[in-house]
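Quick mapping for you: the protein sequence lines, in order, are chains A and B. Residue numbering for the first sequence follows the working numbering, beginning at 11 and increasing consecutively. Residue numbering for the second sequence follows the working numbering, beginning at 11 and increasing consecutively.
One or more of the hints may lead you astray.
Unchecked claim - Here are a few chain B residues that sit away from chain A, every Cβ distance over 12 Å (derived from the structure): (1) Ile26; (2) Gly371; (3) Phe432; (4) Asp569; (5) Arg605; (6) Lys648.
Unchecked claim - Straight-line alpha carbon distances no greater than 30 Å define the calculated DSS-like cross-link-like pairs of lysine-lysine that follow: (7) A/Lys727 to A/Lys12; (8) A/Lys12 to A/Lys692; (9) A/Lys332 to B/Lys56; (10) A/Lys641 to A/Lys807; (11) A/Lys306 to B/Lys56; (12) A/Lys733 to B/Lys633; (13) B/Lys633 to A/Lys633; (14) A/Lys235 to A/Lys306; (15) B/Lys458 to A/Lys71.
What the hints assert, rightly or not - Not everything, but these chain B residues come out facing chain A in the computed CB check (under 8 Å): (16) Gln63; (17) Ala66; (18) Gly166; (19) Glu302.
By construction, these hints were calculated from the structure, which means they are not laboratory data. Bear in mind that the values here come from a model prediction, so they are computed numbers and not experimental data. Think of the CB as a built atom: it goes at the ideal place given N, C-alpha and C, for glycine as much as any other residue.
Protein chains: 2
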Amino acid sequence: MKINQFAYVPTPHHQIVKELANSRFLSARTQKMADPVMLYRALLLKFFMEKRQSRAVRIQKVTNLMATATLNAYDYTTTQSIVTKTAFYNVALQLLGFQVGLDFELDHPFAAMAQFKLPIANVDDQLSREQLVDAWYRLLNTRTKFGQTLIDYLAGEGYYAQFYDDQNLNRPLFFNGKAQAVFDTSSLISDVVYVEAPLDTDHDGQRDLLKAEIIRPANTEDGLKVPTVFTASPYDQGTNDEAADKLTHDVNHPLSRKQPNQLTYEDIQASDEQPKLPAPRKVNGDTDVAEETFVKTWTYSLNDYFLARGFAVVYSSGVGTKDSDGVRTTGTRAETLSATAIIEWLHGDRTAFTNRTDQIGIKAWWSNGNVGMTGRSYLGTLSTAAAMTGVAGLKTAVVEAGISNYYDYYRENGLVVAPGGFQGEDTDVLGELTFSREQSAADYLKIKDTWLDQLKKLTSGQDRDTGNYNSFWDARNLLKHVNIKCDMLLVHGLNDWNVKLSHVWNLRNRLKKEAITQKLILHQGQHEYLNNFRSVDYTDLVNLWLSNKLYDVQNNANDILPDVLVQDNAEPETWHTYQDWGNPSADTYSLSDSRFTNLNENNVFSDHLDDDLFKNYVKDTAKWQRALFNKSHTKMDKHAIQLISEPLKKDLIVDGQAKLTLSAASSETIGLLSAALVDYGKAKRLTAVPQILAAQKIITGYNWRKDNLREFTFEKKASTYKKFTDAHMNMQNRQNSYRVDDLKPGQYYTVELAFQPTFWRLLAGHQLGIIIYATDMDYTIRGNQDITYTIALDESKLEIPFLPSDANAK
Amino acid sequence: MKINQFAYVPTPHHQIVKELANSRFLSARTQKMADPVMLYRALLLKFFMEKRQSRAVRIQKVTNLMATATLNAYDYTTTQSIVTKTAFYNVALQLLGFQVGLDFELDHPFAAMAQFKLPIANVDDQLSREQLVDAWYRLLNTRTKFGQTLIDYLAGEGYYAQFYDDQNLNRPLFFNGKAQAVFDTSSLISDVVYVEAPLDTDHDGQRDLLKAEIIRPANTEDGLKVPTVFTASPYDQGTNDEAADKLTHDVNHPLSRKQPNQLTYEDIQASDEQPKLPAPRKVNGDTDVAEETFVKTWTYSLNDYFLARGFAVVYSSGVGTKDSDGVRTTGTRAETLSATAIIEWLHGDRTAFTNRTDQIGIKAWWSNGNVGMTGRSYLGTLSTAAAMTGVAGLKTAVVEAGISNYYDYYRENGLVVAPGGFQGEDTDVLGELTFSREQSAADYLKIKDTWLDQLKKLTSGQDRDTGNYNSFWDARNLLKHVNIKCDMLLVHGLNDWNVKLSHVWNLRNRLKKEAITQKLILHQGQHEYLNNFRSVDYTDLVNLWLSNKLYDVQNNANDILPDVLVQDNAEPETWHTYQDWGNPSADTYSLSDSRFTNLNENNVFSDHLDDDLFKNYVKDTAKWQRALFNKSHTKMDKHAIQLISEPLKKDLIVDGQAKLTLSAASSETIGLLSAALVDYGKAKRLTAVPQILAAQKIITGYNWRKDNLREFTFEKKASTYKKFTDAHMNMQNRQNSYRVDDLKPGQYYTVELAFQPTFWRLLAGHQLGIIIYATDMDYTIRGNQDITYTIALDESKLEIPFLPSDANAK
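Given these sequences and hints, build the entire structure.
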């Protein structure tokens with residue numbers, strides 16, 4: 011167990027005293043106490059909530075804690091004249107949920123604390139009054155055994171709730187730079203408004219009204235202005251799973267030869283011309299009172315956490331979703347404007363109405379004008395898209411696993427390449443999935459023809475026949491127009507094969523040119539949220555970040571948050587900080603280098619499988635993957651080139667984007683190439699999916715949302731390999747993804763395959779594998795065509811960036 | 011998709027009118043409306059909550075629904091002069107969450123309704139005013155696409171919350187015999203009290219104080235008396251997982267010969283003599299106000315559901331748990347009294363204190379004296395135990411997967427046989443697991459010696475050396491003393507290999523002798539809760555039951571609830587009702603019957619495996635199970651007898667307890683026999699674990715606990731077999747579990763193995779398999795001894811009870 015912490019703000023004593031007073035840990039009386047022991051007793055008794063429980067009960071609870079091997083904490087404070095460091099941390103560990111005898115021993119708490127990576131305040135063996143105050147503050151800002159700071163745990167127990175009636179308590183209240191759960195979530199107000207977007211995507215001659223769902227603290231009714239955490243989720247109003255499934259494309263068809271072209275980027279560049287907009291609706295008066303309310307089923311638990319802490323939360327789904335106007339466009343500017351329209355309303359720059367018919371205006375009068383966006387996947391994509399517009403009011407986006415270019419989501423180097431787990435999906439399928447207007451029968455009747463027409467445009471525009479980049483895709487490159495004005499927190503899973511690493515890599519590199527602050531967190535998940543893990547204080551980091559960006563709290567968030575925080579793949583619960591991601595220089599290896607063993611002793615492979623085997627692999631792609639990567643002989647031996655390095659003498663970390671340059675020939679006029687880098691070595695690896703350590707253990711506020719505590723742990727059994735990056739290419743697109751060249755059978759061409767960027771530790775003793783193959787059952791189309799590929803290994807090379815051993819990991 | 015419903019109470023029109031008025035669907039004005047169309051419009055507008063949303067918004071929402079292929083529901087009510095049955099059910103299906111085009115078509119809603127098993131009111135093609143009222147009531151009491159009744163869904167949306175300020179609304183409110191979510195869960199009150207139990211299990215000369223945690227509606231402060239849903243959970247204050255793991259017994263050791271005995275039951279009968287009790291504490295005054303409060307992480311979502319509906323919920327963990335006195339005893343009367351003491355306090359018959367030190371008494375002044383128990387596994391076990399005492403106040407227990415005899419949990423026929431998934435667990439391990447006083451360092455210091463002493467007594471008493479039934483186990487047979495006075499609802503999973511089916515079977519059969527009402531639900535889960543499944547209205551059934559038992563609502567619960575409700579194993583979402591479980595007569599088959607193929611052509615098998623294979627199977631018992639049961643040849647061929655029937659000509663349902671009578675010889679003076687009945691046939695089978703259909707989709711009250719909607723669905727791949735029952739025996743215990751006989755090598759003995767009772771449909775074309783083996787890697791000790799077993803197949807027989815084809819399944 012490792013309780014890492016990155017969001018703690020070093021705080022001077024005078025500020026600590028002020029914050030402890032503001033949070034009611036120090037009173038006028040206890041601030042005057044000179045005796046550390048008396049003060050210690052007072053603090054312990056306050057911990058058990060004097061306004062909610064009797065003194066006898068609180069004394070009993072302090073009595074349950076051991077300060078030394080023989081004295082309980084209460085007796086300690088009544089019989090001893092000093093507070094020793096050991097006693098303080100013995101009690102501290104128990105308050106943090108650690109168990110005597112199981113997690114630590116009373117005679118040496120510091121050994122356990124070091125092991126759990128828990129902070130120890132800089133105090134003497136006997137704590138002075140000031141040291142006690144400082145150590146208590148540090149303790150409240152230390153994370154418990156169950157993944158929350160102690161003060162957040164206490165808030166869940168009702169610590170702040172006991173002051174709900176205290177008008178003098180600051181609301182919002184910040185403690186160590188982070189907003190506290192001082193808001194009563196039982197009185198949250200839920201409003202619906204309809205924002206009039208500068209769009210008419212359904213071409214009905216009226217601007218598209220977009221439904222926005224607002225949850226805000228009741229204190230806003232008394233004049234408090236709050237910032238907004240905004241999640242733009244096209245899934246939020248429901249999804250058409252079955253209809254989308256039906257649209258899913260068959261991928262078991264042959265690769266076709268493409269007519270060569272001479273296209274340049276200018277030829278396929280998307281026009282920036284925008285359609286003419288209808289005039290805005292007339293506003294028939296104004297009101298401050300919403301007339302529609304709502305209840306949500308799924309909510310993002312991180313957003314819920316902020317609802318207890320003085321933030322409003324807004325959900326909106328955008329064009330083409332239930333109760334809104336318009337049609338889905340899958341990734342265009344119209345979807346971006348769906349998100350920015352909401353932000354503009356929150357910032358006072360756009361009209362919203364109380365309902366869809368009466369045109370009564372309603373302002374976000376409760377908003378302080380500052381907005382931060384959150385959400386993963388499509389939600390994160392829309393955060394990125396909104397941020398790139400520079401829309402006023404948007405102060406930051408926390409982008410989790412967002413797309414930065416739709417072409418890279420559905421295509422790769424002129425080839426149809428699926429997001430992992432979604433073979434056959436494309437922009438039309440995603441459009442259908444999220445077009446939740448379909449779920450309202452009467453509304454769908456009105457829009458059906460327009461929608462079917464729009465669907466056809468998506469299907470034709472995406473052009474699965476060629477897989478080429480074209481103006482359709484160019485209009486869906488979110489990095490094309492960058493006018494960003496807000497700071498960015500990017501979060502991505504190093505095992506995310508759905509939204510792959512190139513998205514965050516390209517976004518981050520593009521943002522380096524901008525005058526903003528950006529931070530990056532790379533975790534070991536696939537396509538996961540990160541706000542309920544024990545080994546990283548992600549929630550606290552986001553709190554620090556949003557308190558800074560949206561409430562202008564001077565908490566040094568830009569300095570405190572590591573520039574790059576990476577979870578180690580080879581050791582559980584281990585996180586490293588770096589200044590950057592991606593070593594610009596790389597080591598180069600010829601593929602005929604004698605340090606690589608050619609396992610199948612071939613440089614030729616056929617992409618054709620026996621019909622039965624092919625069908626079997628289509629049915630069970632995991633079986634195909636095992637056969638492909640396994641070092642022992644399998645049915646895939648003749649269908650791939652498998653190069654395996656010598657065992658590594660020391661740990662090596664692949665840091666960034668590796669590149670494979672192949673001199674390759676196809677036996678036909680068509681060809682596709684796939685390549686993977688594989689970490690070979692028998693080892694326990696982290697679970698693919700986070701495990702639940704304790705169900706419902708995280709309480710995000712008093713009587714508020716519970717969350718499961720989760721972590722990646724080691725799999726029970728060791729595995730022998732793991733693919734950590736891959737690449738795919740249509741050989742006709744060897745220049746770029748829109749330019750098509752001829753492919754002459756038997757002729758060698760130099761092709762360059764850029765792997766998905768990564769950050770991957772190969773342990774000493776492990777071997778690096780380079781696997782070269784063609785059809786990728788999980789990602790590419792699967793034609794099972796009779797094509798033979800030949801690679802001139804001595805004309806081919808791998809360039810791979812390793813983290814220098816003196817890099818600033820901590 | 012099948013939306014089954016068993017908890018609807020047929021209700022006459024005059025009662026319907028009254029209930030709709032009480033629940034505010036009919037007002038003084040609408041009750042007078044003669045025109046069905048006007049009334050229909052009024053009801054639809056009320057559905058969208060007139061007190062919370064403007065008329066314009068509500069009209070918009072009604073406008074979103076289609077009544078016919080061309081008319082939306084609002085226009086329908088303004089342009090039509092009649093309400094047709096088709097229009098009504100078109101709209102009804104949309105209100106229930108079904109989607110036009112996807113789930114049903116507007117021109118024939120009834121086809122979909124039949125398919126989904128949705129009820130249709132008995133109305134004419136044109137609804138009269140009365141029929142409209144009746145159909146609307148039936149609709150509100152119909153289950154949605156997402157597993158709740160429509161009225162419960164509406165409550166989650168805030169329907170009843172709009173009347174929180176209405177003092178005239180009945181609280182509690184019953185609708186169709188079920189308590190409604192009319193209580194504001196944001197103002198629930200949480201109290202801790204310490205009940206003084208008639209126990210001194212830690213022998214400290216003071217009666218054991220037991221902590222009880224109470225959650226009750228705020229309305230109790232204004233004089234409302236409410237019943238209590240009580241869950242006695244020894245896990246609730248935390249568990250010592252690591253310490254328990256360390257105590258877990260090694261099972262890889264040889265079976266030893268037991269000295270024969272002549273014991274009769276009288277010899278091993280447990281004494282009923284009880285230890286002398288210390289006098290109760292002096293009561294130093296009384297108060298109505300608790301002085302300790304609490305926050306819970308895990309709660310049972312079914313209990314939470316009742317908190318919104320006018321029930322208090324109490325959790326208590328019993329002797330030896332954190333903040334209580336005493337030691338764990340794993341299944342004795344002391345644990346039973348831990349539960350009944352709480353009930354006695356709730357019924358006004360026992361003292362509780364406000365804290366552990368001051369002896370200030372506090373009564374359950376808010377309680378109406380009626381208590382129902384809930385909970386699964388150990389929790390259900392304690393419900394059974396409490397019910398058997400006849401304690402006053404306990405009106406019913408809903409027992410989910412409860413133990414009825416601890417011997418049957420840890421032993422079987424003189425053999426150490428583990429609960430599934432818990433090899434090596436025993437009463438000492440469970441005691442250690444639940445002895446949460448250990449988590450409080452100071453408290454543990456005081457009790458440690460007493461506890462280690464008690465642990466030793468558990469270890470010695472359970473006697474793993476022989477596996478025999480003895481007075482230790484006799485004291486843990488919950489069916490020994492039966493003084494039951496309350497009605498029982500028993501719930502068990504037909505795939506529960508942890509608490510096996512014999513527990514509910516024996517309990518149910520014993521209860522048949524008592525003058526109580528009992529009901530049984532058998533589902534296809536392992537060890538699962540059932541309150542959030544789409545295919546069965548379990549929550550509603552329990553609501554009907556508890557409203558009847560605890561609020562004395564005359565809702566015919568005893569007649570409405572089926573006596574036996576069984577989920578089909580061969581078809582998803584299918585439930586059948588029966589009058590009884592277990593056919594008393596059985597078909598008998600000789601094991602040499604020619605209709606059985608002896609797959610390995612043997613009647614002899616060795617229990618000894620090569621060392622490597624043995625270790626491999628110990629590591630991966632699933633692999634062992636596959637080898638054992640697979641019909642193709644495997645390494646287990648010489649280690650089992652595999653008899654496979656002819657393919658069945660028609661479906662057969664095994665209904666109750668099958669029995670195998672073997673004429674068997676061991677080559678040694680020791681011997682153990684295992685047997686399994688296996689359903690052979692390639693088929694898709696239900697998932698072992700319920701799948702989440704929709705996360706957080708169930709809202710149990712307004713702004714209240716969310717729950718995942720779940721269901722067992724078909725596995726994606728077909729499987730070829732499934733074990734559906736088994737049995738184990740020590741051959742020295744062929745008479746019974748305490749009497750030990752000699753075993754002479756080579757001599758044939760008649761032994762009778764009673765299988766776990768079951769209810770299992772074998773589909774036509776499938777084959778019944780009888781597998782006879784010795785060591786069961788998953789359950790028995792694993793000695794890998796060199797023993798050969800011989801079965802005289804023509805002297806052996808299977809007796810198997812089948813459900814008669816004319817049984818009253820619906």
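Hints versus structure:
No Cβ of chain A approaches the Cβ of B/Ile26 within 12 Å, the least distance being about 27 Å, so the stated non-interface status holds. At the 12 Å boundary, the C-beta of B/Gly371 stays outside the reach of chain A, the nearest C-beta of that chain being 14 Å off. With a least CB separation of 17 Å from chain A, B/Phe432 remains clear of the 12 Å interface cut-off, as annotated. Here B/Asp569 stays apart from chain A, with its beta-carbon at least about 35 Å from theirs, past the 12 Å limit.
Every Cβ of chain A is farther than 12 Å from the Cβ of B/Arg605; the closest lies at roughly 35 Å, confirming the non-interface assignment. At the 12 Å boundary, the C-beta of B/Lys648 stays outside the reach of chain A, the nearest C-beta of that chain being 28 Å off. Restraint check: the Cα-Cα separation between A/Lys727 and A/Lys12 comes to about 22 Å, which is no more than 30 Å; the hinted pair holds. Simply put, A/Lys12 and A/Lys692 have alpha-carbon atoms about 24 Å apart, close enough for the 30 Å limit, and the pair holds.
Between A/Lys332 and B/Lys56 the alpha-carbon distance is near 21 Å, which keeps this suggested pair within the 30 Å criterion. The hinted pair formed by A/Lys641 and A/Lys807 meets the criterion: a straight-line CA distance of about 21 Å does not exceed 30 Å. As the CA atoms of A/Lys306 and B/Lys56 are separated by approximately 20 Å, the hinted pair is consistent with the 30 Å bound. The straight-line distance between the Cα atoms of A/Lys733 and B/Lys633 is roughly 27 Å, inside the 30 Å bound, and the hint therefore holds.
Taking the CA atoms of B/Lys633 and A/Lys633, the gap is near 18 Å; set against the 30 Å cutoff, the hint holds. For a cut-off of 30 Å, the pair hint linking A/Lys235 to A/Lys306 stands: about 23 Å separates their Cα positions. For the given pair, B/Lys458 sits about 19 Å from A/Lys71 by alpha-carbon distance, which is consistent with the 30 Å threshold. The criterion of a C-beta within 8 Å of any C-beta in chain A is met by B/Gln63, whose closest approach is roughly 5 Å, and the hint holds.
At about 5 Å, the closest approach between the beta carbon of B/Ala66 and any beta carbon in chain A falls short of 8 Å, and the interface hint on this residue holds. Interface restraint check for B/Gly166: the shortest CB-CB distance to chain A comes to about 6 Å, inside 8 Å, so the restraint holds. Proximity of B/Glu302 to chain A holds as hinted, the smallest CB-CB distance being about 4 Å (cut-off 8 Å).
Checked against the numbered hints given earlier, this structure breaks none of them.
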